[in-house]
Amino acid sequence: MEKSLTWREFVITRLIQASGYSAIIFVLLIFFFLIREGLPALVEVKISSLLSVRWYPIEGYFGLLPLITGSLIVTLGATLIAVPLGIGTAVYISEIAPRWMREILKPLVELLGGLPSVVLGFLGILIVSPFLRVLLDLPTGLTAFSGSLLLGAIAVPTVVSVAEDALDSVPRAYREGAWALGATPWQTIWRVTLPAARSGVLTAIMLGIGRAIGETMTVMMVTGNAPVLAIKLGSLFSPVRTMTATIAAEMGEVANGSSHYHVLFFIGMVLFLISLVVNIIASSVVFRAKKRAERILS
Amino acid sequence: MKRVLTVFLGVSFLIISCGSVDASTAAASDSSAKYIENKGSDTIVNLALAWAEKYQAEHPDIRISVTGGGSGTGIAALVNGTVDIANASRKIKDEEIAEAKSKGINPVEHIIARDAIAVIVNPKNPVNQLTLQQISDIYSGKTSNWSEVGGEDRPIVKLSRETNSGTHVYFLETVLRLGNKDDKTLFSMDTLLLPSSEGIVSEVRSNPNAVGYDGLGYVPEDLKTLAIAKEAGGMYVLPSIQTVNDKTYAIARDLYMYTDGEPSGVIKEYLDWILSNEAQQIVADLGFVPAK
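Quick mapping for you: the protein sequence lines, in order, are chains A and B.
The numbers in my numbering rise by one with no breaks, and the one at position 135 of the first sequence is 135.
One rule links them: number in my numbering = place in the second sequence (from 1) + 298.
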């Protein structure tokens with residue numbers, strides 16, 4: 001009896017351990033694969049060509065700058081929309097809304113999160129972009145801004161559900177302490193609850209950014225996919241081409257092992273590195289914030 | 299998008315119809331059923347589906363599966379030996395032939411129909427006609443306002459298919475470079491590259507600044523098709539079966555099917571049938587131009 005118990009204990013612990021390690025193994029394998037397929041691009045295509053501003057792969061122009069700036073500007077726009085909206089919604093659901101409202105809102109937000117991105121893309125083509133073209137008097141509505149709006153809508157549910165969980169786990173005693181000191185509800189939220197939930201809220205923001213930068217279908221449908229260098233402020237209101245849309249549009253057609261194929265994998269590497277940097281920044285900020293909080297409490 | 303959906307529905311219809319054939323003549327057809335795999339150009343896919351349905355109705359022992367994906371995808375599949383017939387809206391490239399030869403595949407070309415590329419604008423746009431040179435200047439970015447080609451004072455928004463489309467490559471060579479092989483003109487960087495014909499059609503429909511191009515068979519009635527002249531002072535011609543066949547319309551091309559080696563057996567019978575009057579009538583019905 002006792003022997004079978006330790007044996008079972010052993011197996012189960014190992015299984016859980018293995019699933020824990022599997023995440024690391026998968027990430028490493030994916031990264032290894034990306035490097036193996038992507039690094040030859042650096043040999044086959046000159047670095048100066050990769051850093052040029054013209055992307056036209058069927059004639060051998062492999063400038064990545066338009067794609068990188070395109071992805072960044074769409075993601076930046078989406079973040080500016082999703083973060084205030086998402087955190088505002090989370091604060092409302094967790095701190096202000098009456099109980100019945102919370103019961104309605106939470107499942108609705110989660111439903112929004114389950115909406116397939118291609119459906120949002122349809123909405124974008126048929127409604128959002130023609131509307132924006134007329135409203136803002138633009139040459140075309142297929143712009144980075146349309147992409148940002150829709151990506152914002154995609155990222156909001158992620159931000160809301162993670163941030164709301166974080167706010168929910170702040171002990172009630174914190175709020176009661178603040179009220180006892182005479183703080184208004186807004187002062188309590190801004191000075192006590194949000195800072196206490198800071199690491200969870202930051203995680204929410206980072207997950208939202210990750211969701212936005214990796215999204216493909218919607219941006220391919222609404223951003224116009226013109227590989228123009230997007231570094232001016234006005235670029236937000238002109239067509240751009242993102243890295244994800246480029247990979248999705250061109251990978252199916254490319255000859256296996258050609259320079260174009262390797263460059264597409266190289267773009268995958270760049271995307272991977274960008275999300276790695278976002279994650280590292282996020283965890284270091286969370287780490288520092290935690291240390292300061294511990295210092296204050298002790 | 300719509301085209302993808304059509305393909306999907308078409309394929310599932312084929313599968314369903316095959317299923318019912320199977321049920322009724324199970325014993326007879328199981329031993330003798332022959333499969334033809336057909337893949338490639340999105341331009342041709344509706345035509346290929348229509349042919350396949352008709353042919354299967356007449357020959358219950360033949361199963362034809364048709365998929366799209368683009369000319370390059372189809373040729374790549376032929377080179378990899380996964381399809382019997384590749385559809386292409388452009389000629390096979392030398393590199394593709396070399397790759398095929400290295401894998402022991404010998405692509406043979408069959409012209410199965412012709413297609414005119416229509417240049418389309420929003421019906422509110424007063425421009426009715428352009429020369430090839432003017433279209434080239436628009437797409438290469440030299441002309442950026444409709445007033446320069448006789449229209450209103452509006453910016454020109456240029457729409458194109460993605461670079462993996464055979465139509466894109468054909469348009470680049472025939473219109474932007476005016477057929478000149480040494481010309482290195484490229485699409486202007488701010489040309490919008492849309493992943494589907496449907497994307498181009500819906501943007502042209504809603505945006506009076508836009509100009510786009512697409513196969514004549516895919517242009518809906520509510521958009522305006524421009525008349526095109528080969529050179530300044532030449533006659534402006536609208537695309538139609540007649541103007542393509544008498545070669546007065548400038549942007550028309552052949553559509554191809556490629557097989558591995560000279561076709562034989564069921565594939566030969568199918569390709570022969572495609573060139574028959576009955577099959578070529580379907581070509582005309584779908585807005586393409588018959589090969590003969």
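Accuracy of the hints is not assured; some may be wrong.
What the hints assert, rightly or not - Here are the computed lysine-lysine pairs in the DSSO-like style, where the Cα-Cα straight-line distance is at most 27 Å:
| no. | chain 1 | residue 1 | chain 2 | residue 2 |
| --- | --- | --- | --- | --- |
| 1 | B | Lys399 | B | Lys422 |
| 2 | B | Lys352 | A | Lys46 |
| 3 | B | Lys479 | B | Lys545 |
| 4 | B | Lys389 | B | Lys545 |
| 5 | B | Lys391 | A | Lys46 |
| 6 | B | Lys566 | A | Lys46 |
| 7 | B | Lys522 | B | Lys391 |
| 8 | A | Lys232 | B | Lys332 |
| 9 | B | Lys566 | B | Lys482 |
| 10 | B | Lys391 | B | Lys482 |
| 11 | B | Lys422 | B | Lys479 |
| 12 | B | Lys399 | B | Lys566 |
Don't read these hints as lab results, they were simulated from the structure.
Small disclaimer: the values here were computed from a predicted structure and weren't measured.
What hints, given by number in increasing order, does this structure fail?
Numbers 1, 2, 6, 7, 8, 9 and 11, in rising order.
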